[in-house]
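Q: Chain by chain, the residues run as shown.
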Amino acid sequence: MTQPDFSLAGRRALITGASGGLGRHFAGVLARAGATVVLAARRAEALAEAVAELRAEGLRAHAVALDVTDEASVAAAFAQAETLLGAPVDLLVNNAGIADGGFTHELDVAQWDRVVDTNLKGPWLVSRGFARRLIAAGQPGVVVHVASILGQRVAQAVSSYCASKAGLLHLTQAQALEWSRHGIRVNALAPGYIETDMNRDFFAGEAGQRLVKRMTARRLGRAGELDGALLLLASEAGSFINGTAITVDGGHLCSSL
Amino acid sequence: MGQWQGRTLFMTGGSRGIGREIALRFAREGANIVIAAKSDQPHARLPGTIHSVADEVRAAGGQALPLAVDARDEAQLVAAIARAVEHFGGIDVLVNNAGFLGVTPIAATSTKHYDLMHALNTRAPLITMRECLPHLAASRGQVLNLCPPINLDPGWLAAFAPYTSTKYGMTLLSLGFAGEARARGIGVRTLWPATLIATAAVGMTAGEAGLAAARKPEIMADAAFALLDQRERFGDEVSWLDETVLRVLGVEDFTRYANVPENAANIQRDFYIGTF
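Those protein sequences? They're chains S and H, same order as listed. The numbering used here numbers the first residue of the first sequence as 10 and each following residue consecutively. The numbering used here numbers the first residue of the second sequence as 40 and each following residue consecutively.
Chain S with its partners taken away, still in its complex shape (with noise of 0.2 Å):
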């Protein structure tokens, strides 16, 4: 009996909001597990860095400009991509991603905009993009849309995050609908509280950490405690995972009434 093929190898992949945080990580375990990794943000410079160091380690990295709310945008990056590829990007990690923070009644317009255009919006958009050319091209490939447990339960004073993460989750599952005849699978990654740079100051002060206190497991996850979940989404080892989601959390959806 052989073991679940975890490999990447062959694979071509564009990993969105890639200069920092988690799209940075994802596109290191992507690019260690054997796929070509295409990282993806606004300003291809932010990601020369990040592209240098997956290089320096002998892996094989791309950078493209992406912004993930405009149109024209996307559809440059995938024939950037695939002009550097060689051949159509087959895996989409649909990782960029805005927080907002505000009651409903005092915030603006443009931050609902702002957070849903980049949350819902831009995935849509991307893992749009990305299946035309596959579906023109009759080759299968992967979605993984990063979402969030606050896509699944609420919290106060980020409304406009919620429901754009709530949005994303039932995107994937309408979306492998469409798609699963055209053989991409769509999948959510749902990650709990995970420590990053932008975070880690704020988890480490008073407010902080009260709410660690509450969580199940009374600690952040660390952003490697992502990677199997991600890999087993991404590789032939989820080949009949479709259209669900993994909840990455400590078990904080469990969290005390």
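FYI, nobody ran anything at the bench for these hints, they're computed from the structure. Remember, predicted model here, so these are calculated numbers, not experimental data. One or more hints might be untrue.
[Unchecked claim] Now the in silico label distances, taken between C-beta atoms and shown as ranges:
1) H:G194 <-> S:T253: 40 to 50 Å
2) S:M207 <-> H:G218: 22 to 32 Å
3) H:S149 <-> S:D122: 15 to 25 Å
4) S:D122 <-> H:D268: 51 to 61 Å
For glycine and all other residues, C-beta sits at the position ideal for the given N, C-alpha and C.
We have chain S; now place chain H onto it with these hints.
A: Using the frame of chain S, we list chain H on its own:
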């Protein structure tokens, strides 16, 4: 389309190769082409002169102004731009195409050789962008510089650093000018081939094998035309590869650009694409 009828393209170089192909592409649209290049007399080994290209431009349907210019000479560049404006009434597109290829590492690069590369690849574009600025502002025109997207892969950096530094310098000036000139409505693009292109320069440095693994210069002309003709379609991004431009237009099959059709599956990537 018709929008290029009577519009003026000022090009450095253009007697042969990619520049000539771009000039002819726009000539077919009825544009005015200024060919500011060195080859006034036929060269022993290199085909084409400013006059032969001017004839081809006119035969293709455009207007031509051939100007004998050594791009190392600032006064000649400045005079050529003034002459072009006087003759055609303005400038709509500046194409910095003239360049000098030299694939030597630092250890084997004489100062004289470096000075030549720097003068043509970096200094001349600075001069032409600066001098054309008021004319391009008046026409809300565009700049097209033939230089590579900046790739800091250590392999490429070490391969032939002097040449690389001059071409990346051209790209840096382009990226800077894009920001500097945006407020005046001027668009700036850089364009570089994704693959080897069958030109005299490639023939001389990479021989028959290089030409067999190359695409025709037509692909650069088609990409340059699309980029300049459909400005809005390509957004704000400055650096482009020819293949990417055409993919945005929906082109998926590039075999017709293969210089040797039987070899279409073995086309070689150009300098600075991916890892060394």
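Q: Just tell me: holds or violated, for the beta carbon distance of S149 (chain H) and D122 (chain S) against 15 to 25 Å?
A: violated, 58 Å
Q: Holds or violated: the 51 to 61 Å window for the beta-carbon distance between D122 (chain S) and D268 (chain H)?
A: 32 Å Cβ-Cβ, so the 51 to 61 Å window is violated.
Q: For the range 22 to 32 Å, tell me whether the beta carbons of M207 (chain S) and G218 (chain H) fit it or not.
A: Because 27 Å falls inside the window, the suggested range holds.
Q: CB of G194 (chain H) to CB of T253 (chain S), is that within 40 to 50 Å?
A: Taking Cβ atoms as reference, G194 (chain H) and T253 (chain S) lie about 42 Å apart, which means the hint holds.
The structure fails to meet hints 3 and 4 from the earlier list, while all remaining hints are met.
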